[in-house]
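Enquirer: Listed in order, the protein sequences are those of chains U and H. Residue numbering for the first sequence follows our numbering, starting at 1 and increasing by one per position. Residue numbering for the second sequence follows our numbering, starting at 1 and increasing by one per position.
None of these hints come from the bench; they were simulated from the model. The model shown is predicted, which means the values in this text are computed figures rather than measured ones. Please note: incorrect hints may appear among the correct ones.
Here are some, though not all, of the chain U residues that point toward chain H, as calculated from beta-carbon distances under 10 angstroms [said to hold, decoys possible]:
1. A20
2. Y27
3. R30
4. D77
5. V79
6. G122
7. L255
8. A259
Each residue gets a CB set at the ideal place from its N, CA and C atoms; glycine is no exception.
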Amino acid sequence: MAGKTLYDKLWDDHVVRTEADGTALLYIDRHLVHEVTSPQAFEGLRLAGRKVWRPATVLATPDHNVPTTDRSQGISDPVSRLQVETLDANCRAFGITEFDMRDQRQGIVHVIGPEEGATLPGMTVVCGDSHTSTHGAFGALAFGIGTSEVEHVLATQCLIQKKSKNMLVSVDGRAGEGVTAKDIVLAIIGRIGTAGGTGHAIEFGGEAIRALSMEGRMSLCNMAIEAGARAGMVAVDDKTIDYVKGRPYAPSGELWEQAVASWRELHSDADAQFDRVVHIDAADIVPQVTWGTSPEMVTGIDGRVPDPAQEDDPVRREGMKQALAYMGLTPGTPITDIRPDKVFIGSCTNSRIEDLRAAAAVVEGRKVADNIRQALVVPGSGLVKRQAEEEGLDRIFIEAGFEWREPGCSMCLAMNADRLEPGERCASTSNRNFEGRQGQGGRTHLVSPAMAALAAVEGHFADIREV
Amino acid sequence: MQKLNHIEGIVVPLDRANVDTDAIIPKQFLKSIRRTGFGPNLFDEWRYLDHGEPGQDCSQRPLNPDFVLNQPRYQGGTILLARENFGCGSSREHAPWALLDYGFRVIIAPSFADIFYNNCFKNGILPVVLDEAVVDRLFDEVTANEGYRLAVDLEAQTITTPSGEVISFEVDDFRKHCLLNGLDDIGLTLQHVEDIRSYEQRRREQAPWLFTDLG
C-alpha cells in the first residue's frame, strides 16, 4: 500500500463517519470567526433553537470592518458598527472567546490564530473566509467556508465534505536574494493559473519552501486559494514546532511533549502518491508584480505588460483586453515604468512582523516619492503593532511619510474607510487584484512588502535585487 | 432551503472568465447582517453607472445599458450561463444569496471555484458543469436567439435545449438529494450525534491537547 500524503493523514484523523458515496463528516478542531460572515449563522442557530457544540474551540475577532484610525470614538459608519456590535453580542450570548476592537490582541483573524497558538499542527481549522488556507503553514488542514457552513460547524463541530485530490507543488533549489514567499506564490499562480488547484489540496514542498520562515509559509499558504485550492499546507519541521512553543494557547508540560511527538508525523510519506505534481525551479523566480485583474496575471519586475494579440485562446485574450483596459495599461510597457498613486502594506498575506521589518529596511532614511498620495502600513494585529513599535519600525515608516495604523483588513478589501478612488493605482501587499477589490475603479498591483516599500520611495515599481 | 427540481427559463449569458465574488457582490454590501435583499446589488459595479452603497433605492440609479442583465431580452432570467472558474475569490455566501435573490436558480459553466460551488448547494442554487465546447455552443445559441430558454431537470440530470437536444450533467448524489428535498444539512448531521460523541471520546485520548479550552 502506498504511503499517505500529509493531506491524507490530516483527513483520516478527522473523519467522524463516511457515507457510501464518499461524503464524510469531518471533525473541526478550531473555528475562527469574524464579523462579516457570522451574523447570519448565529441568527440561524437562534431561529432553530440550537446551541454551539463546543464554544471553547471558537475564537472570534472583528477585522474586516474595523477602522484603522483612532478608535476611541468607536466606528462612525453605522452599518459597520452594527455588524461589529452584533459579533460582540453573539459571542457573549453563545459563550465564545472574542478579542474585541479594544483588546490589544485584536487583529486579522489569520494573524491572531497562529500568534496566539490557537492554530496548532494537525488541527482542522475553518473560518468563514477564503484565506483560512493560511493556517496550513502549520501542517494543519485549514480552509475557508461559507456562512451556512459556519452555522453547521457552530451547531455540530463538523462539516460535510468530500475529499479533495492531492497536489504537490515543489519549489526546488534556493530562491535568489530579494525573492520572498510572496514572489514564490505569485510565480506558482502565474504558472498553474487561478483555477490550477481547483478540487485539490496543495502541499507546498521542496528546498525553497523548507527554507521559508513560518511567517513566509503563512504568506505562501494564504494564497493557495488564489490558485483555486481551498487548502494549502506545509509539512511540520523544527521551525513549526519552535514557532508554536510558548504561545498562549499552545500546550505545555507533558501535553507539549505528547503533542510534539504526534506532530513529527505530519509530513507526506516518502512513497506517498499525489494526483498531480508541479515542479518549479526557485532560481527562475524573480520578484513578481501583477499587471491585471486576476492574480495569475503576473510577471517579473524585469518584464513588460503583455500583449493580448499574442494570446491564442479567445476567452483568455478577451480577459486580458478587459484587464488592461481596466488597469489603464498599454501592452509592452516595462513594469518598472508603472507609477502607483498609493501604497498599502498590510493584509492577512503580509502584515506580520517580518513583513514590516522587510519594508522598513527598504524605506529607512528615505522619503515616500512625491507622486504617492498615500502610503499605509496596517499591522496584522495589536501585538504585531506593539512589537514593531518596540523595534522602532513605526518611527522609520512615519519619518519616511507612511501612515502607521491600527490593525485590521483595511485596504485589502476596502470594507472600512481605507480605499482607492476610481482610477487610482496601488502597490499592495494584499492577495487579490480583482476589479474594485480595493475600491470601485481602483487598480491593484500585488507585490511583496519589500517591493511595495521600494515602489513607495522610488515612485514606480523597481527591482529590489538592485538595492 | 428552497427545493429545486425543474427549472425552465430565460438564459442570461455572462461572457467573462474568472468572475469573482467581489464582482458578484461588492464588499460594501457585506455589512448587512441579513441573508436577503442582495439581488438589486448583484454585479453592482457592472450593472450601474454610479457607485452603489447599502440602503440605496436601486430603481433610481443609472443603469449600464451594455451590461447583459440590463438588456430587455434577458429580463426575468433564471439560468445564468458563465465561463470558466466562476465564483473564484472570497468565500462570501452573499454571492449565492445575491444570485438567488435576483432570481437565478441554475448556473452553467465549464468550471466553478470550490467554495462558491459548495455555497450554491446550501442555498437552493444548482451549479452545472458542462464541457467547454458545450458551453461555447450554448453561448452561440443564446446570443443568436432572443428569448432562448433551457429546461433543467435535476432528478434526471438533464438540460433540454429549445431544439429538443438533451444534455446530461453530473451531480453528487448527496447534494442532489438535499437540493431535491430542500434539506437542512445541520438537521442531517445531528442525526449522527452519537458518532460525533464517540469520535470526540476517541480523539480526546489520542490528542488531549486538542481538548483544552480557549478563554
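Enquirer: So, for every hint listed, does it hold in this structure?
Expert: Checked hints:
1. Interface hint at A20 of chain U: satisfied, since its Cβ lies 9 angstroms from the closest Cβ of chain H, which is below the 10 angstroms cut-off.
2. The criterion of a C-beta within 10 angstroms of any C-beta in chain H is met by Y27 of chain U, whose closest approach is roughly 6 angstroms, and the hint holds.
3. The criterion of a C-beta within 10 angstroms of any C-beta in chain H is met by R30 of chain U, whose closest approach is roughly 9 angstroms, and the hint holds.
4. This hint holds: D77 of chain U has a C-beta 8 angstroms from the nearest C-beta of chain H, less than the 10 angstroms allowed.
5. Below 10 angstroms, beta-carbon pairs count as interface contacts, and V79 of chain U has one with chain H at about 4 angstroms; its hint therefore holds.
6. Because the smallest distance between the Cβ of G122 of chain U and any Cβ of chain H comes to about 7 angstroms, under 10 angstroms, the interface hint for this residue holds.
7. With 10 angstroms as the threshold, the beta carbon of L255 of chain U comes within range of chain H, its nearest partner Cβ sitting at about 5 angstroms, so the hint holds.
8. With 10 angstroms as the threshold, the beta carbon of A259 of chain U comes within range of chain H, its nearest partner Cβ sitting at about 5 angstroms, so the hint holds.
Every hint from the earlier list agrees with this structure, and none is contradicted.
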